[in-house]
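Numbering (the working numbering), first residue to last: 8 to 258.
The set of hints was computed from the structure by calculation and includes no laboratory data. Misleading hints may appear alongside valid ones.
[To be verified] Between beta-carbon pairs, the in silico distance windows are:
| hint | residue 1 | residue 2 | range |
| --- | --- | --- | --- |
| 1 | G118 | I29 | 28 to 34 Å |
| 2 | V155 | H134 | 16 to 22 Å |
| 3 | G138 | V184 | 35 to 41 Å |
| 4 | T47 | L100 | 18 to 24 Å |
All C-beta atoms in this analysis are idealised placements derived from N, C-alpha and C, irrespective of residue type, glycine included.
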Amino acid sequence: MSADPAAEAGGAALLIACALGIERFALRGAGLGAAAGALTVLRTGMGPQSAERAVTRALTGRSGEPGEPGAPGAPGERPTAVIATGFCAGLALGMHPGDIVVADETRDPAGRTLCTGTRILADALSHPLPGGPRRTVHIGPVIGSDHVVRGAERAALHSTGAIAVDMESAATLRTAVGHGVRPVAAVRVVVDAPEHELVRIGTLRGGISAFRVLRTVLPAFFHWHRSSLLPGGELDGHASPPDHPGRDVSL
């Protein structure tokens, strides 16, 4: 019996997308323990438009210019799974730098994208790794913005039910599913929060905490990917209905 269910199910690619060089550096262990199939850690650049272009190129080999068709996959080919990751701003009171946000959906002005395997990811991330930092996991909607969000705008976004905001996740997942049905997820590490904003003196410490946690997420990503390759390709679907205030599933 194979120790790797992904190998039994047949390989499929995993694309992990992040915006910043420091995020990609935190993920530099990608490839160790990955599921069967090709693995790419893609640095998209900052902002939703950069994410759209980079993900389109990665999935289709095309530039992503308006009106340009995507390239279809080969018959019977398993679609590439996509995870958007990196840092984010937490929107809920009580969040701290280093907390993890697992999206059950991403939202932006263009619409929303439902995530798959939310519970599998949250459960895997809730269990600390030996010698690793404590990980607090929140589940809820992640909203997209084209700029850094602070103060009153942060509170306004939280009032919509979103628990975190970043600039690329919504565009990344929307673009991914726009080029074919596939497993998609977004996992972000809080670098600042309502009570720990970037402008405060604790910024450096918060950034270090977030970086340390981001370095630990890969095993959970690989577990999620392997689960997507099991017979039937079924993950656990959506962890909760949209427009809820989020849940803390930390241990």
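Against the structure, the hints:
1. Between G118 and I29 the C-beta distance comes to about 30 Å, which sits within the given range of 28 to 34 Å.
2. In this structure, V155 and H134 break the distance hint of 16 to 22 Å, their C-beta atoms being roughly 32 Å apart.
3. The beta-carbon spacing between G138 and V184, approximately 37 Å, falls within the hinted interval of 35 to 41 Å.
4. Between T47 and L100 the beta carbons are some 37 Å apart, a value that contradicts the proposed interval 18 to 24 Å.
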